[in-house]
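Work out the full structure, taking the sequences as your base and the hints as a guide.
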Amino acid sequence: MKKTFKLIDLDCANCAAKMETAIKKLPGVTDASVSFMAQKMTIEAEDVDAVMKDVVKCCKKVEPDCEIVL
Amino acid sequence: MTRKQKKMLWRIIAAAALFMIAVLIPDQIYPADRWVIDLTGQWVPPADWLKTGYTAYMWGPLKLLSFLIPYLVIGWDVLWKAVRNIAHGQVFDENFLMCVATIGALIIGEYPEAVAVMLFYQVGELFQNVAVSRSRQSIAALMDIRPDYANVERDGQLVQVEPEEVAVGDVIVIKAGERVPLDGTVLEGTSALDTAALTGESLPRDVVAGDEVISGCVNLSGLLHVQVSKPFRESTVTRILDLVENSSEKKAQAEHFITKFARYYTPIVVFAALALAVIPSLITWQWGTWVPRALNFLVVSCPCALVISIPLSFFGGLGGASKQGILVKGSNYLEALAQARIVVFDKTGTLTQGKFSVTAVHPEGLTEAELLELAALAEQFSTHPISKSVVAAWGGTPDQTRVSGVEEIVGHGVRAAVDGRQVLAGNGQLMDLEKISVASDHDHPGTVIHVAVDGKYAGHLVITDRPKETSAQALRELKAAGVRQTVMLTGDAQGTAQVVAGELGLDRFYAQLLPAGKVERVEELLRDKRPGEKLVFVGDGINDAPVLSRADIGVAMGALGSDAAIEAADIVLMDDDLLKLPVAVRIAGQTLSIVRQNVVFALGVKLLVLVLSAMGLANMWAAVFADVGVSVLAILNASRMLKAR
Chain A
199 MKKTFKLIDL
209 DCANCAAKME
219 TAIKKLPGVT
229 DASVSFMAQK
239 MTIEAEDVDA
249 VMKDVVKCCK
259 KVEPDCEIVL
Chain B
18 MTRKQKKMLW
28 RIIAAAALFM
38 IAVLIPDQIY
48 PADRWVIDLT
58 GQWVPPADWL
68 KTGYTAYMWG
78 PLKLLSFLIP
88 YLVIGWDVLW
98 KAVRNIAHGQ
108 VFDENFLMCV
118 ATIGALIIGE
128 YPEAVAVMLF
138 YQVGELFQNV
148 AVSRSRQSIA
158 ALMDIRPDYA
168 NVERDGQLVQ
178 VEPEEVAVGD
188 VIVIKAGERV
198 PLDGTVLEGT
208 SALDTAALTG
218 ESLPRDVVAG
228 DEVISGCVNL
238 SGLLHVQVSK
248 PFRESTVTRI
258 LDLVENSSEK
268 KAQAEHFITK
278 FARYYTPIVV
288 FAALALAVIP
298 SLITWQWGTW
308 VPRALNFLVV
318 SCPCALVISI
328 PLSFFGGLGG
338 ASKQGILVKG
348 SNYLEALAQA
358 RIVVFDKTGT
368 LTQGKFSVTA
378 VHPEGLTEAE
388 LLELAALAEQ
398 FSTHPISKSV
408 VAAWGGTPDQ
418 TRVSGVEEIV
428 GHGVRAAVDG
438 RQVLAGNGQL
448 MDLEKISVAS
458 DHDHPGTVIH
468 VAVDGKYAGH
478 LVITDRPKET
488 SAQALRELKA
498 AGVRQTVMLT
508 GDAQGTAQVV
518 AGELGLDRFY
528 AQLLPAGKVE
538 RVEELLRDKR
548 PGEKLVFVGD
558 GINDAPVLSR
568 ADIGVAMGAL
578 GSDAAIEAAD
588 IVLMDDDLLK
598 LPVAVRIAGQ
608 TLSIVRQNVV
618 FALGVKLLVL
628 VLSAMGLANM
638 WAAVFADVGV
648 SVLAILNASR
658 MLKAR
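Residue numbers (my numbering), protein chains in the order written: chain A, 199 to 268; chain B, 18 to 662.
No lab work stands behind these hints: they were computed from the structure.
Quick caveat: nothing in here was measured; it's all calculated off a predicted structure.
There is no bait here: all hints are sound.
List of simulated lysine-lysine pairs, DSS-like, C-alpha gap at most 30 Å:
1) Lys200/A / Lys255/A
2) Lys21/B / Lys258/A
3) Lys223/A / Lys98/B
4) Lys201/A / Lys247/B
So this is what it looks like as structure tokens:
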């Protein structure tokens, strides 16, 4: 399953890259892609809704200013 | 500017003003003939405080404070983020690095430098933010084909509704100047449609009742009543937008490389800074010389300029391409296209028009018009594209009463009685079967239809699929853009293929291929290509999906309105003009060269400033330029892609 989310206040390209790496490492996530230019995030997982809680937590840790539109 | 950016601008102005005041405060606030009160409340005569350096003692803390105010005004969020990120285990983050660098400067007494660096850094960040959001907006504007509303007639009145609310079969009204919101068929009205937003083609397309219209076009002149054929979520405009919006998610090699690079770059530079601060100082014991140099390293070690310049360049390339009606499904395909050296074409519909037309009429014993009429009447019931082309070339209205006893001879042709005369129309084998001697051995490119009347040879028609007018030029331009080899694949006979290949100037061709054979040929070519080369396959996307997916880059053309083609291909040319292909290759090449320029420039400046800092030749201003200044220049460079053609 693949889902795309909008991101608000994703301010730096390096943070986007760091977020992507961190999310990819989460259990249950098969692939993730954070696009700084499009301000979007695509998560691929068995059950996207189930991992979203971890993803949000992970984003808060890496880039606290960035908000995921669920 | 967003509200956040405006707030930042005010903070910068305020901090700059406070900074100016701090700079203007003289070191010595009292004239040298005054008594001064010291910290213990005792009055000190001028002769004494001048001698003992009371200025520094008295005004040192005050001076620090006067610089600390603008420093905190401009930098509090950086400090706060640094603390917060360390708590989250993110050590090498640029906020932290900026803090260490500036606090270090404050400790060694370089107050103005500390504030200026922080100020300059924030100005750069703001500028970078604005530039990125500007270019993001302008790229988004290029792709803005989303219709806002649809006019639907309800209770005799026109109402505007969301395109999502319109059901299949509903009739929508499109006024002049409005965007077509949904795909459908024109019921009533004539107009010209501007398809530029979809295809990059500026010539308007005329539509009349019965024609299909595609969402995203702009109605230029008349009022159109259109019956909707697809729901909004399946319409052309939604599909294209999905494709474009998701394109930056497939990242290019260069992007992966640079994010990986950044992961090592920052720690290495930070440790180098530490080494530079400690090792020479322990030897020479000149901490005042080496620590400031090391602080410069910390400022240069921020990786953002590098990381931002690459996706931005690709995003610009994708945007510039889509403006030309070329949809690229990901940065990786754009990157691959720049290395396209072998281009394989499907013949029918790609290099040629995909439409058969009668190109020569050779009668024997009757006039051209008579021959054409006989053939057309005999073939009028056939649905074969070749038969249709004969009827179209004749131009008359088929009259069924003049024809009787029509018999199709599968794979050969047709036999019919026209005006009481026995007419045979078909290929050479049919003539052999009927023992009719064909006057001479005709060697024409294309398909030949021989006609016999009452057992006597009456002449033949030549039917060919003409190459598109722009094909030859497109092939030449591809060669100029660096393509090494052009190959044509076709199911047609050897002779026909040879003529087309010769006329267009293709390097190689393979004829008489079945669909599976095309895949085999492409695999063969893939094996033979040199390392680093990419193979492009160009087709119309209708029945060459396996080949499209097998090639390094699959290009579907004439895709406007064809969902299958949009699905199967990596790059979609919205109209069927082959000239868009060299344009795409050129845009890809330009994008890649901008990416290279940015990487070399950003890394080069950073390395230079590192070396100069280590030698003590660069100050912190240069270091800040190497960070934010470079990324701003990289952004400006990348925004050139918007004007690509």
